Amino acid sequence: MNLFSNNVFRQLVSRAIRTDYLENLTGFAWLILQPLALLAVYAFVFTTIFQARIPEAGPGGFVPYLAIAFWPWTAFSESILRSSSCISANAALIGKVAFPSEMLPLSTVTATFLMNMAGYLAVLIVLQLMGTPIQWLGIFAAIPVLVLLYIFACGLALFISALQVFIRDVSQILSPLMTFWFFTTPIIYSSSLLPEPLATVMKFNPMSWYVQRLRDFLLLGNYELSVYDLLVPMLTVLVFWAALKFFRRFSAHFEDFL
Amino acid sequence: MKPLIRLQGVSKFYPRVHRPRERLRAFASLMAGNEIREGAEVLHDVSLEISSGQSFGIIGENGAGKSTLLKILTGVITPSRGSVEVNARMAALLELGAGFQPEFSGIDNVRMKSALLGMSSSELDKNLDSILAFADIGDYVYEPVKHYSSGMVVRLGFAVVAASNPELLITDEVLAVGDESFQKKCIRWIESFLEQGNTLLMVSHSMYLVQKLCRKALWLHEGHARELGDVFSVTQSYLAYHEERSASERRDRQAQRGESGLYNISDFLLPQQSDDGALVLEYGDDLSAELVLHSPDGIPPVALFGVMRADGTPVYGVSSDYDQIEAEQLDDQHYRYRICFESLPLLPGSYSIRGHAMDPQGIRLCDTAELRFSVSGASREMGMIRLPHRWNTKE
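From first to last, the protein sequence lines stand for chains A and B. Reading the first sequence from the start, the letters are residues 1078 to 1335 in the working numbering. Reading the second sequence from the start, the letters are residues 5 to 399 in the working numbering.
Only chain B is shown next, with the shape it has when bound in the complex (with noise of 0.2 angstroms):
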């Protein structure tokens, strides 16, 4: 079977055009059929091939080349060497505004979007009650665009995509524009396209969400693909290549907090988590973890406890004080909180574990540190916890 998207190769180079001898001087030799060579590179030497049904994500830091590998997937923009093949009906929600005009209305707009994706006017007719109620926005449909907010475009946008039926969608940071309720419409519209075999490509910071929604993912780094193959393995590298990145900015911080009074975490730790990676238990498994905090006047601090899913619902939460359980005192300012969750009832998934530092009184929070960990396992069980269950059948 053909793969759904090739790229081959690609690289881009932006020229520089910001002068008009600049300009003339690309334009020069585009005239002359010769490659630009020099520019910014954007891109460098990415492959990548989806098949369907196999939802990719994209990830990487500001400015890593992710809008612009989506741009070459589009066909917006022409990679200067390499090649991109596209089997599919593809619709692309690309940056906020999606192509919008501000001057004119939602509707007009809706008109226009929905002819680019390659609805007729007799399709658009039969589908532009759906596309309203999707959208939601009520009578601003015929306000000009220039007057909407942010998410109410994303609504829009979203809502002419989901409309014109694609096999791929590619969207990139959009979703984390709309409100709460709209996001979670996007996600169950998105999971259900998913679950009819169609393919989704996208661009997110969420980790949360390009793990929920993706089986493979792309780490683009500096334009350079540092690293593709199965999401939870890409994503995990890429958080602790940030983990690592921001550990010594941390550290500093908190060197500097120690000195101003405050009650803070000196140490946060899974002690089953070993070395080089995160940590993952198997469903029922224990989790235990490990709280130093750092009191600077010698009393000691009351430590906190939470456990929640990675997109930050929580799950449970409990604090020493409310226990009544008293720190082990290591030093003079420095106490040790462990806790054990036993046989956890956590469903598989992504999740974290958060330690917090509060005051002796048990009322301020001082400081929080996170850590991830996941529940592996194939269960077709839904939510978060199992919760004890008995069916009352007959005999």
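One chain only, chain A, in its complex shape (with noise of 0.2 angstroms):
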């Protein structure tokens, strides 16, 4: 796919990359402080009020075992929430030129993840300042990983977008969707404590095993092989795949819809 030499594409990112958070001066810097904050708020939540103990937290303990998969996840849900309705947003584009519309929820799902993993390398640092030896070689095998969250977020927000200009009030279920699955996704507390039927059932859902590969690699230096390492990535791709298809399906009869 020549998408990314693509002119078109690279005007739609800058372009998202603009509006949503470098419009004001403060855009950029509350690209970092937003999450820093609510990063705090968890912390304060679950270390001193609910005094939560992960046994396998790793290295600092619970802030950097909750950061590490925080950023991932904050890329992940915002592109998804922000594409879900950019094509009725780009509705004058779409209805005045033609041109693949698939690049409207890349573009945003691009400039998401690319926003938010320079706070991700923002945040590593300040974790390693403040004392978490954080694995840096382990960047390289997580490379990888963030690469297939980004796939998986892009097969996602396809799908969604494509459906949202049928069905309007997709946008409105999204948002508690995705806070569901943030709490059903091993983010702020570990798989280890769930009771058995429960644990189970969790290894079902992808992002599971996407935050914690991410924790093995950046934070624990666990560099084991299971059989999800395989069954993940190749739901990802099945995910794109499947998403694009349906997306261009029926981006031929968007104009009618909008």
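No lab work stands behind these hints, which were simulated from the structure alone. None of the values given here were measured: they were computed from a predicted structure. There's no promise every hint is true.
Stated by the list, open to error - Each pair of labels, with its calculated beta carbon distance range:
| hint | chain 1 | residue 1 | chain 2 | residue 2 | range |
| --- | --- | --- | --- | --- | --- |
| 1 | A | 1110 | B | 191 | 53 to 61 angstroms |
| 2 | B | 193 | A | 1322 | 53 to 61 angstroms |
| 3 | B | 133 | A | 1249 | 44 to 52 angstroms |
| 4 | B | 20 | A | 1305 | 56 to 64 angstroms |
| 5 | B | 146 | A | 1279 | 49 to 57 angstroms |
| 6 | A | 1326 | B | 191 | 56 to 64 angstroms |
| 7 | B | 191 | A | 1256 | 29 to 37 angstroms |
| 8 | A | 1315 | B | 148 | 51 to 59 angstroms |
| 9 | B | 28 | A | 1322 | 20 to 28 angstroms |
As the list claims (entries may be wrong) - Partner residues are not named here, just some residues of chain B that face chain A (Cβ under 7 angstroms, in silico):
| hint | residue |
| --- | --- |
| 10 | 31 |
| 11 | 33 |
| 12 | 78 |
| 13 | 79 |
| 14 | 115 |
| 15 | 124 |
Even glycine gets a Cβ: it sits at the ideal position worked out from N, Cα and C.
Dock chain one against chain two, each of which comes alone in its own frame, and use the hints as you go.
Below is the structure:
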């Protein structure tokens, strides 16, 4: 796919970055500050109020354990929420110029990931400075995981943004759905704390694999492989492929429904 | 040679999607792979072939499906039935705004638009100065497009399209928005674009522009192709259709005005014109016109005749009081004037002649009627009229 060398796509990404993040002077600062503030809230609630203890949290305790999973999750969920209504938001463009409209959700996801990954890197550095030993070599293993997460987000964004054109309520349902997904993914807790039937069910959540692998590589230095290291990437590619097919099949009719 | 554009049996239904349940049903039938058949049919079985260099005009009333047809050609919407084939590097300027996003600055929108037209960043950088010069909107390019006047949007949109070097240019009725000097600039550009062997496909309500720029035309009427062929015959039947439609309205209006005490035109005709169509003269023919004026108070009104090019550029005008001509009295209230312009020096093209009723003092213009005629022939002379001339050569 020559998507990334496509001038339209690059324009769309730079446009999304500017409107969503750089529109005001503080926009870029908020990109780092907002998740940091949220992280501080979660850290306070779980370490001070609930006194949560995660046995395998690894070096640094709860905060790095949470932070490593929190940014990729934010990138993932934000990119899906942002792109869900991107087709109707760009109705003027779609109605007047013929271009591959899958670029709209894809550029939104790309912009969100780029910005959040910049924030992620900053957080890793902050954690290191605060005394948590980050496995810097693990980055080379983490990058493919993040790329897969990006592909997964692209797939869902394609599917949801196309569906939203036909069923407007999708964006309303999406926000509680993503909150539910957040709490059913071991981000603020560890799956080892779950009672048995639930723990097995949770393994079917692909996001569990993503956050756990990122912790393994960046925090724990655990490179053991399991069957999920094959299944989840395969599922991700499958989701992306099916979503792209779905999108392309229906994109020809967008203009009639906008 | 492959045609530039080939449409075969194209129909378009817009599904009914206002209420959520209708949307859902339309979506379900799409999922099931069915054609959408219910809803408004905007185009019905339109077939069309355009070859390279054969510029094409689409005319028709509002709501006839012209814009839908253009959107289908540009690929913005998919036809419900039929096939579309376009074999050219195409640039389209549809509607006002041309896909610009209002919150972004002009220059950002130029970048986006040029990318959409297939230009790379380096091509754009090369062309940026000429785009800005063509648009000629000064420092406004750095302002958000939402602050632009409609004319400025079109200027910028056209400038980018012009720079993208298309083989096929598709425009909607957008040029009408620009001011006169910009319109002229665009038309000059389009003319040189056509001279290079490129093709234009335009929707316009200006028959003058269509005749000037296009060689063939399609008349769309309520989604059907009513007439397709040579631009002059199609535009003439379209105008005749309008003439017919408005004739009864005009008769009513005239009846009313007759009682209001104004001097008005009760008949204006060109005796050379046959019943079935527009008058076509050869270069150098005489042009006769006849004007019957109605005068409620019985005093003969003054008549004024004017000849102009189809775009309204005046060529010549003369009034009966200037020439001190007396009217021919038909009855108590009706007067007739007849005029003949001998061996007309007009160059081939479309023209119109107007008859005006003026008050007996020749001060106030009371009524106007207009008829079209054209001068046929092939001439490579330029301008509107032939000036008598002589080349001074050695011996």
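Checking against the hints above, which ones are violated?
2, 4, 6, 7, 8 and 11
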